[in-house]
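S.K.: Which chain is which? The protein sequence lines are A and B, in order.
Counting in my numbering, the first sequence runs from 18 upward without gaps.
Counting in my numbering, the second sequence runs from 18 upward without gaps.
To be clear, the hints were calculated from the coordinates, so they are not data collected in a lab.
Misleading hints may appear alongside valid ones.
Where chains are identical, the list cannot tell them apart; a pair therefore holds if satisfied intra-copy or between any two copies.
[Said to hold, decoys possible] Quick list of in silico lysine to aspartate or glutamate cross-link-like pairs, EDC-like style, CA-CA up to 20 Å:
1) K552 / D279
2) K226 / E434
3) K452 / E507
4) K370 / D475
5) K555 / D403
6) K226 / E340
7) K226 / D332
8) K370 / E507
9) K552 / D274
10) K407 / E203
11) K226 / E476
12) K423 / E434
Number of protein chains: 2
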Amino acid sequence: MAARQQLTPVLRRLQLPRAAANINRTRQAALQQSLSRPVRCLSSSRPRCFHQTTAVAATAKHTSETYPDIQRDARFAQLTPEHVAYFRGLLGSESAVIDGATSSDAADDIEPFNSDWMRKYRGHCRLVLKPSSTDEVSQILRYCNDNMLAVVPQGGNTGLVGGSVPVFDEIVVNMSRMNRILEFDEVSGALVAEAGCILEVADQFLASKGYIFPLDLGAKGSCHIGGNVSTNAGGLRLLRYGSLHGTVLGLEAVLADGTVVDDLCKLRKNNTGYDLKQLFIGAEGTIGIVTKVSIQCPQRSAAQNVAFFGLESFDKVQQAFREAKSQLSEILSAFELMDEGSQALVRQVTNNKRPLESQYPFYCLIETSGSNADHDSEKLAAFLEDVMEKGIVADGTLAQDETQIKSLWAWREGITEALSHLGGTYKYDVSIPVKDLYQLVEDTRARVDEAGLLGDSDEFPVRAVVGYGHMGDANLHLNVSTRRMDPRVEKVLEPFVYEWIAERQGSISAEHGLGLMKKKFIGYSRNPTMVGLMKNIKNTFDPKGILNPYKYL
Amino acid sequence: MAARQQLTPVLRRLQLPRAAANINRTRQAALQQSLSRPVRCLSSSRPRCFHQTTAVAATAKHTSETYPDIQRDARFAQLTPEHVAYFRGLLGSESAVIDGATSSDAADDIEPFNSDWMRKYRGHCRLVLKPSSTDEVSQILRYCNDNMLAVVPQGGNTGLVGGSVPVFDEIVVNMSRMNRILEFDEVSGALVAEAGCILEVADQFLASKGYIFPLDLGAKGSCHIGGNVSTNAGGLRLLRYGSLHGTVLGLEAVLADGTVVDDLCKLRKNNTGYDLKQLFIGAEGTIGIVTKVSIQCPQRSAAQNVAFFGLESFDKVQQAFREAKSQLSEILSAFELMDEGSQALVRQVTNNKRPLESQYPFYCLIETSGSNADHDSEKLAAFLEDVMEKGIVADGTLAQDETQIKSLWAWREGITEALSHLGGTYKYDVSIPVKDLYQLVEDTRARVDEAGLLGDSDEFPVRAVVGYGHMGDANLHLNVSTRRMDPRVEKVLEPFVYEWIAERQGSISAEHGLGLMKKKFIGYSRNPTMVGLMKNIKNTFDPKGILNPYKYL
Numbered sequence: 018m019a020a021r022q023q024l025t026p027v028l029r030r031l032q033l034p035r036a037a038a039n040i041n042r043t044r045q046a047a048l049q050q051s052l053s054r055p056v057r058c059l060s061s062s063r064p065r066c067f068h069q070t071t072a073v074a075a076t077a078k079h080t081s082e083t084y085p086d087i088q089r090d091a092r093f094a095q096l097t098p099e100h101v102a103y104f105r106g107l108l109g110s111e112s113a114v115i116d117g118a119t120s121s122d123a124a125d126d127i128e129p130f131n132s133d134w135m136r137k138y139r140g141h142c143r144l145v146l147k148p149s150s151t152d153e154v155s156q157i158l159r160y161c162n163d164n165m166l167a168v169v170p171q172g173g174n175t176g177l178v179g180g181s182v183p184v185f186d187e188i189v190v191n192m193s194r195m196n197r198i199l200e201f202d203e204v205s206g207a208l209v210a211e212a213g214c215i216l217e218v219a220d221q222f223l224a225s226k227g228y229i230f231p232l233d234l235g236a237k238g239s240c241h242i243g244g245n246v247s248t249n250a251g252g253l254r255l256l257r258y259g260s261l262h263g264t265v266l267g268l269e270a271v272l273a274d275g276t277v278v279d280d281l282c283k284l285r286k287n288n289t290g291y292d293l294k295q296l297f298i299g300a301e302g303t304i305g306i307v308t309k310v311s312i313q314c315p316q317r318s319a320a321q322n323v324a325f326f327g328l329e330s331f332d333k334v335q336q337a338f339r340e341a342k343s344q345l346s347e348i349l350s351a352f353e354l355m356d357e358g359s360q361a362l363v364r365q366v367t368n369n370k371r372p373l374e375s376q377y378p379f380y381c382l383i384e385t386s387g388s389n390a391d392h393d394s395e396k397l398a399a400f401l402e403d404v405m406e407k408g409i410v411a412d413g414t415l416a417q418d419e420t421q422i423k424s425l426w427a428w429r430e431g432i433t434e435a436l437s438h439l440g441g442t443y444k445y446d447v448s449i450p451v452k453d454l455y456q457l458v459e460d461t462r463a464r465v466d467e468a469g470l471l472g473d474s475d476e477f478p479v480r481a482v483v484g485y486g487h488m489g490d491a492n493l494h495l496n497v498s499t500r501r502m503d504p505r506v507e508k509v510l511e512p513f514v515y516e517w518i519a520e521r522q523g524s525i526s527a528e529h530g531l532g533l534m535k536k537k538f539i540g541y542s543r544n545p546t547m548v549g550l551m552k553n554i555k556n557t558f559d560p561k562g563i564l565n566p567y568k569y570l
Numbered sequence: 018m019a020a021r022q023q024l025t026p027v028l029r030r031l032q033l034p035r036a037a038a039n040i041n042r043t044r045q046a047a048l049q050q051s052l053s054r055p056v057r058c059l060s061s062s063r064p065r066c067f068h069q070t071t072a073v074a075a076t077a078k079h080t081s082e083t084y085p086d087i088q089r090d091a092r093f094a095q096l097t098p099e100h101v102a103y104f105r106g107l108l109g110s111e112s113a114v115i116d117g118a119t120s121s122d123a124a125d126d127i128e129p130f131n132s133d134w135m136r137k138y139r140g141h142c143r144l145v146l147k148p149s150s151t152d153e154v155s156q157i158l159r160y161c162n163d164n165m166l167a168v169v170p171q172g173g174n175t176g177l178v179g180g181s182v183p184v185f186d187e188i189v190v191n192m193s194r195m196n197r198i199l200e201f202d203e204v205s206g207a208l209v210a211e212a213g214c215i216l217e218v219a220d221q222f223l224a225s226k227g228y229i230f231p232l233d234l235g236a237k238g239s240c241h242i243g244g245n246v247s248t249n250a251g252g253l254r255l256l257r258y259g260s261l262h263g264t265v266l267g268l269e270a271v272l273a274d275g276t277v278v279d280d281l282c283k284l285r286k287n288n289t290g291y292d293l294k295q296l297f298i299g300a301e302g303t304i305g306i307v308t309k310v311s312i313q314c315p316q317r318s319a320a321q322n323v324a325f326f327g328l329e330s331f332d333k334v335q336q337a338f339r340e341a342k343s344q345l346s347e348i349l350s351a352f353e354l355m356d357e358g359s360q361a362l363v364r365q366v367t368n369n370k371r372p373l374e375s376q377y378p379f380y381c382l383i384e385t386s387g388s389n390a391d392h393d394s395e396k397l398a399a400f401l402e403d404v405m406e407k408g409i410v411a412d413g414t415l416a417q418d419e420t421q422i423k424s425l426w427a428w429r430e431g432i433t434e435a436l437s438h439l440g441g442t443y444k445y446d447v448s449i450p451v452k453d454l455y456q457l458v459e460d461t462r463a464r465v466d467e468a469g470l471l472g473d474s475d476e477f478p479v480r481a482v483v484g485y486g487h488m489g490d491a492n493l494h495l496n497v498s499t500r501r502m503d504p505r506v507e508k509v510l511e512p513f514v515y516e517w518i519a520e521r522q523g524s525i526s527a528e529h530g531l532g533l534m535k536k537k538f539i540g541y542s543r544n545p546t547m548v549g550l551m552k553n554i555k556n557t558f559d560p561k562g563i564l565n566p567y568k569y570l
């Protein structure tokens, strides 16, 4: 009955524009415009969500200080001037070698390659190599393997778990010079590009052909597609286009000993032996350096719509998700979840007017993409009317143009920034079966509260425990927003959160990988048999262990 | 201009029913009915397409005679009564052990497990084991590994490359008793089932929940989902739902030494280490026996439409494919290609009236599936009008009901049967970049013709060289229809076909795997480096080589 009372005013807001087709053409134009904006530079680009971190330091502390338990592996050689001379000779170009030992300027130049963007991890690297071809990568690795020099493969360095920066004095092999788009088949949609190609560059190229890269994420202005593949990046389009394990058609990689693995298949079907490329997808550079990628790209959708609505319970969120999958089916491209706590923080920081008049415990953002704007608008309106009539959704609004689409997305995408304005945050990027997804937030909040750490005034170290994420992928971001560092908070959270996830067969890293940060926690998501098999794989591909040491396993 | 002249009569035929929604409801009912038919037994079910084979023998010849070069590996132990007694004690139930040595009846009972359905391969197996649990599989393999007994994992035995039957006296581990559906999450769509669950049973279960199995193929009444995963089956829905590498969420498998690998994840995102399950997908039972599967299932579409059209050239087929992907985009679920030669054979055998009035060099069958029947019909009609106006499609027809849908599909699905009525066939299931896809048929036809082997009268051994397949997946079935065995034909075809494919970086096995048949041809699609790495993987997982010997690599 409550829902029915809401129906009239809400449906007025939900009313479709008379000339939906025109409006959608405007949206398209705006979209095109946004796509043709200049590629963001490293410093201005931020991944959409990041992991657990307490207040980020202004100047980065060396990882070796933060983690004194990790010792440099004495088997690795120290870098000598002879090594550097070899690489200079090999790569030729001045700009391809940054040797931090030559001057203080060079040492400064090397810093961006030594630290992650969060300034949470910082290595002692003294040499950065920028190969421009697979052959150069091969020769670099062969030399390193022969001389026991440890290596860190590095893409756009936008990772969140410290996987792409050195811990000690590992040589950085940065892929930014291998950035060419090599081939595109306009009939099949297969794109072949070098690993250092920036995701947004690839996507802009595809836009000009009427195609889309089957992956989208906040760091797209800086991240490399080789890095995306190496970390099995998830992002915003996974609900629609699936994971990289399904979309990557082939790749080329160089093993630790310099062997080039040419598996650059451009076919959707190829059942001739073990699908080795799958091992490199998500291997975080520990078994080889991905040098080229072949990927299946879908046609770009002509129409895009976004709706935002409020719901009274997580049970209703699940019902709405089921209905959206059923009724919007093939056009559903995002189903995002935000709780009231996360929205209150955005409101507090931005002071923007909320999309809905009232407040609800939960909000969802639904995006559709399809080939026919009128059809999509009709489906979305029918869906919203249905879920409101059934009392699943309490209130909702439908974006009428590109500005409104962006404005609605800002309530989801602005959460990370709002949190970072307010102080430190403990962040957990996890996956849990949908039915239990939000329970983790409630149980964590109750636990922090019971410990007397959560409250509205300054005496409490924790301001809020909030949850949001990619509901469509069962991917939750649990965030504990703090006013100040307090060792009691971490003690209450860990290992509680990891144990809670392990009990429900969830994943302690949904989309960001293990890197240095979660190496020691893999046992919460993988059993000893699997970890043992993984170590066998690592030893098979990199027997001397020179690739990305101290991390992953 | 020619296309414009055609437009009027064709559009009349293409005209949509006034009450499309009702018609589509009828279609749905018919579909439901067809889905609830009893599961076909092994003998009546046929995979939709199969590999190269000359005239199939009425009684199967032993593989050891057909391939005298393959020798039994002397490292493997001979089966003894003590071994059989151990397995009887382990499995308990009488029906779980078929011991071919006990009586001639038992020897007869064992034959269906010893031969493939094409009666092309036949082993000398004397023991079939049917475990009912993962623990039993584990104990069987541990014992076999300890005692050097070779094993063939077997699902529904519907394979096409001799991968699921023994070559010599390997023990068959048949998975048919592990056939339970274990779990289904109605919110996420994650299904968990035992490996021996028949595909159609799983799909019927999902239909009752409004979901669909993301794989469909002709053998669905007999094939097991464990076998599907182990062979990375492609089938009819790949264009829409992608490969099993993207849809399988997790699996449980038993390694050669009995170790149970529990990777039965039900999450879409889990970036914690190498994605080991991917190695089992398409491994054809050579590194372990898959015992359980977890898979992401999409919502079932409410509406289905099928169109059939004629085209003047393969260039126009490619244009039509591009337009279909662009205009039908998210609702396109199949794009199948048939040449005139293949259709003439179907006409010759069935005597059915052709769907179109005139004949064309090429025909395509397009299927759409979506959540809204009216929208889909409108999109399909607009697409057809557009491609005809542009002169891409010369003529076309749109199915008006479920009967017509089936009737149009019969022109695609009936090709294999028509060919088998006419004599022997050399069949090649291959993948080639789309632009070159049909050139293989033309080049092969020219070559056979130049050799004086192709003609209309009985003096020529070859009746026709035809091509058809899953255009949407760049998957061609090249078929050479023969009147009689003639060694000159094979000599003209091989290695010509394989070399032709290798030159264009195609795959010699698009969707059916390697098995025994293509083991020796892997080098045409994979380089020595990759084959070497694959052998390392095999040795890591099955160091004694007891799993499915003589095949794959």
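S.K.: Just pull the numbers of the violated hints for me, sorted ascending.
M.R.: Checked against the structure, the hints that fail are numbers 2, 3, 4, 5, 8, 11, while the rest are satisfied.
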